[in-house]
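Enquirer: Just so you know, the protein sequences line up as chains A and B, in that order. Residues 11 to 636 in this note's numbering are what the first sequence spells out, letter by letter. Residues 41 to 115 in this note's numbering are what the second sequence spells out, letter by letter.
Hints should not be assumed to be uniformly reliable.
Straight line, CA to CA, 25 Å or less: simulated SDA-like cross-link-like pairs of lysine to any residue [to be verified]:
1) B:K47 / B:K112
2) B:K58 / A:T445
3) B:K66 / A:G444
4) A:K579 / A:S624
5) B:K81 / A:I450
6) A:K100 / B:Y61
7) B:K47 / B:A94
8) A:K200 / B:G59
Quick list of the computed label-pair ranges, beta carbon to beta carbon [unchecked claim]:
9) B:T48 / A:G152: 17 to 27 Å
10) B:N113 / A:G469: 48 to 58 Å
11) B:K112 / A:L614: 38 to 48 Å
No lab work stands behind these hints, which were simulated from the structure alone. Virtual Cβ for every residue (Gly too), placed ideally from N, Cα, C.
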Amino acid sequence: MKKILLMGNPNVGKSAIFTSLTGINARTSNYPGTTVSYTTGTLTVLKKGSACASCCKSSCKGCSYGFVEKIEVVDVPGTYRLDPLSEAEKVACRLLPEGDMIINVVDATNLERNLNLTLQLLEMNKPVIVVLNMWDDTIHKGIKIDVEKLSEMLGVPVVPATGTTGQGIDKLIEYITNYPQEPVSKREYKNRWAAIGEIINAVQNLENRRHTFLERLQDISVHPFAGIPIAIIVIIAIFRVIIGIGEYLIGIMEKLFERFYTPVIMALSRLLGGEGVLHQIFIGDISGETIDYEAAMGVLTTGVFLEIGIVLPYILIFYIVLGFLEDLGYLPRLAVLFDRFMHRVGLHGFSIIPMMLAMGCNIPGILAIRNIESRRQRFITATLTAITIPCFAQSAIIFSITASYGTGHVFAILGTILSVWLVLGSALSFFVEGTTDTLIMEVPPYRLPAFKVLLRNLGTRIYGFLTDAFPYVLGGILFVNILTILGVMDFLGKIAAPIITGVFGLPEGTVASFVVGIIRKDAAVVLFEPLNLSGAQMVTGVTLLIIYFPCMATFVIMLKELGLKDTFKSFIIMVIVTLITGTYIRFFMNVLKDPWLYVIFTVLLSFTVMLVLSRIADKRHQAKYM
Amino acid sequence: MTLRDLKTGEEAVIATIKGGYGLQAKLESMGLREGSRITKKSAVLAGGPVIVQAGNTQIAIGAGMANRIIVKNAD
Chain A
11 MKKILLMGNP
21 NVGKSAIFTS
31 LTGINARTSN
41 YPGTTVSYTT
51 GTLTVLKKGS
61 ACASCCKSSC
71 KGCSYGFVEK
81 IEVVDVPGTY
91 RLDPLSEAEK
101 VACRLLPEGD
111 MIINVVDATN
121 LERNLNLTLQ
131 LLEMNKPVIV
141 VLNMWDDTIH
151 KGIKIDVEKL
161 SEMLGVPVVP
171 ATGTTGQGID
181 KLIEYITNYP
191 QEPVSKREYK
201 NRWAAIGEII
211 NAVQNLENRR
221 HTFLERLQDI
231 SVHPFAGIPI
241 AIIVIIAIFR
251 VIIGIGEYLI
261 GIMEKLFERF
271 YTPVIMALSR
281 LLGGEGVLHQ
291 IFIGDISGET
301 IDYEAAMGVL
311 TTGVFLEIGI
321 VLPYILIFYI
331 VLGFLEDLGY
341 LPRLAVLFDR
351 FMHRVGLHGF
361 SIIPMMLAMG
371 CNIPGILAIR
381 NIESRRQRFI
391 TATLTAITIP
401 CFAQSAIIFS
411 ITASYGTGHV
421 FAILGTILSV
431 WLVLGSALSF
441 FVEGTTDTLI
451 MEVPPYRLPA
461 FKVLLRNLGT
471 RIYGFLTDAF
481 PYVLGGILFV
491 NILTILGVMD
501 FLGKIAAPII
511 TGVFGLPEGT
521 VASFVVGIIR
531 KDAAVVLFEP
541 LNLSGAQMVT
551 GVTLLIIYFP
561 CMATFVIMLK
571 ELGLKDTFKS
581 FIIMVIVTLI
591 TGTYIRFFMN
601 VLKDPWLYVI
611 FTVLLSFTVM
621 LVLSRIADKR
631 HQAKYM
Chain B
41 MTLRDLKTGE
51 EAVIATIKGG
61 YGLQAKLESM
71 GLREGSRITK
81 KSAVLAGGPV
91 IVQAGNTQIA
101 IGAGMANRII
111 VKNAD
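Isolated chain B (complex conformation):
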């Protein structure tokens, strides 16, 4: 399931980030890495960015990127 498919308000764990080093590093420094527990806060309509919360940080991720972040259910 991609980050876009995740329902708003649900919690999940990041399984894979399909991207190059630059993207991975950028997300990691904001606290998003494989294994991070996140909550999807919002998704702007019509292909807008997804907002996720990791710890106390909210991060907006454009639709293109949100499709490349694979998440799995939190257990």
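Excised from the complex, chain A in its bound form:
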């Protein structure tokens, strides 16, 4: 099969072009021996004219309709240059010899910078098609590009396109299908920037125009004074919106369940005779006319309601908001604004992006650390993420079942997590060898997200969530019910009692949560519901469930991304942090009584510890390197 490489600078819309070309026929794969992935898909084109070997029928000689040719398309990681510095760029360079043709995707609003890579690609003596992506943006921005002239100067076909809407893709496919067969002449650019200057002068024409609304928004969101307050307001607003709409949707779901699902369960319950082992496993404790779906603990009652009734509405609204912010381009601005702050925990601003993603699910968060060049920063980011950041499925259940304890207790959990982040982060920064790089990052312009693209990304995420999470939640609850009936849970509870009860002050019954939590955190939190925990116990239990271990799936990804040694270190840190935090919460919640007092005390304490630690670390660093 012919192989086409989609190459270009980071964030020029290669993946949008890729999706337009290959449709949904795309899969993610790992390149052997490296951690940076690329995606391949197939483009099916209809070719007119002579016969070809790759036709569906071996006897086909071509016909009036033409024949079908399948072409492999590779979405290569973004790169700025062909002399590799980072892992992603190494992948791009290794893939290069395999390609039969290169589609160089170029950000048309950034022609000058993008041409640097284009000219390097032209020197490779392979057929190249240049795609001027984001063509619609050039019109808003008053940029005029003479496409024909550019094509003539570069000596290759140039296609203006807009990947998000699919405009220009048919033209691109036409060029792919009918690329001139003659061998490409060898090219060499002695002074690349001079050549680029010449091209730019000849083909590009900038018009003066007024600043757009988005550009003003762009300036204000990184404004020296207003930037950080705006960011804080945005984050608070996001969470208010997510929780508000989430709760509203859950209310609707509850009614729907009551109306349509309860009769089914009731009938099933009668069918099973209202008791017995199977009833206990699948239906759980139900009595009276209504079912308490959060407390019944049956696979078909709590298990189904947990994911569809509570987690799904929250995940849906969370990913709508996150997807919008991602596509708009706000996340890199958060990275810029919090860069200075992140240095206190040994990171630079970029690490805020993996952490934001991890709030949805830890796995994409951990995967995003691939973009960080320093090993020390990768380790700190992954460890902090795995320990302190609950996924949104878990957060949803936390909001839902701790609400009856009052806002104070919810904030006691959040405050403790934040404090662990601050103290652990600055401690890691203090103890982990190495230095922290300085941030150098392109800050993309704001782009109004295309509705079609938002919807497609949302669909992929929700589908992934349902297919990945749902079976595990049902399986997890099934597993716990069977172990409980067999008496294994009681046994484990007795064994773990010295720590669970002795150190953390939790009842033995909570051990089931910590067993399930290894697989699914949302299913683990809900197991607290029937135990009638006190406020302090709830805060301890929920917080420990967040930090003691990420879910197994995340842990496997950590192993892959960090390697055995660093993951093991990370695991030891988890154990230590869990023991310290559990003891701390039990002691101070009981001493301070009021949850609000506890929150204020804990957060202030952790800030102080962080400031002291980072001050000492700075001094030590200066003594060593200056």
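With chain A held as given, fit chain B onto it using these hints.
Expert: Structure of chain B alone, referenced to chain A:
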């Protein structure tokens, strides 16, 4: 004058980049090299990154690095 000293909103030309090959290459591929015309867009308070515009690209540069980029007035 370093990039940090440049006033927000002002235009300048990069005179020297005091850094190794890796840094130079990284900046160059983003369109920042000696002789590049840039505009300083913003500087986050308290030693945060500087944002510069080169062509149509905005690039955030951490404070440590911004101190090692020497600029001169555009003429």
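Enquirer: Below or equal to 25 Å on CA atoms is what counts here, so check K47 (chain B) against A94 (chain B).
Expert: 16 Å, holds
Enquirer: K579 (chain A) and S624 (chain A): Cα distance at most 25 Å?
Expert: This hinted pair holds, its Cα atoms lying about 22 Å apart.
Enquirer: Does the alpha-carbon distance linking K58 (chain B) and T445 (chain A) stay inside the 25 Å limit?
Expert: 19 Å, holds
Enquirer: Next pair to validate is K100 (chain A) with Y61 (chain B); report whether the Cα-Cα distance is within 25 Å.
Expert: Holds, at about 17 Å.
Enquirer: CA of K200 (chain A) to CA of G59 (chain B), is that 25 Å or under?
Expert: 24 Å, holds
Enquirer: In this structure, is the beta-carbon distance linking N113 (chain B) and G469 (chain A) contained in 48 to 58 Å?
Expert: 52 Å, holds
Enquirer: With the threshold set at 25 Å, check whether the alpha-carbon distance from K66 (chain B) to G444 (chain A) stays at or below it.
Expert: 21 Å, holds
Enquirer: Verify the CB-CB distance for T48 (chain B) and G152 (chain A) against the hinted window 17 to 27 Å.
Expert: Holds - the Cβ-Cβ distance for T48 (chain B) and G152 (chain A), about 24 Å, lies within 17 to 27 Å.
Enquirer: Starting from the hint 38 to 48 Å, judge whether the C-beta atoms of K112 (chain B) and L614 (chain A) obey it.
Expert: 47 Å, holds
Enquirer: Hinted pair, alpha-carbon criterion (25 Å max): K81 (chain B), I450 (chain A). Please report holds or violated.
Expert: Holds, at roughly 15 Å.
Enquirer: Regarding the pair K47 (chain B) and K112 (chain B), is the alpha-carbon distance no greater than 25 Å?
Expert: Judged against 25 Å, a Cα distance of about 12 Å means the pair holds.
Of the numbered hints given earlier, the model fails none.
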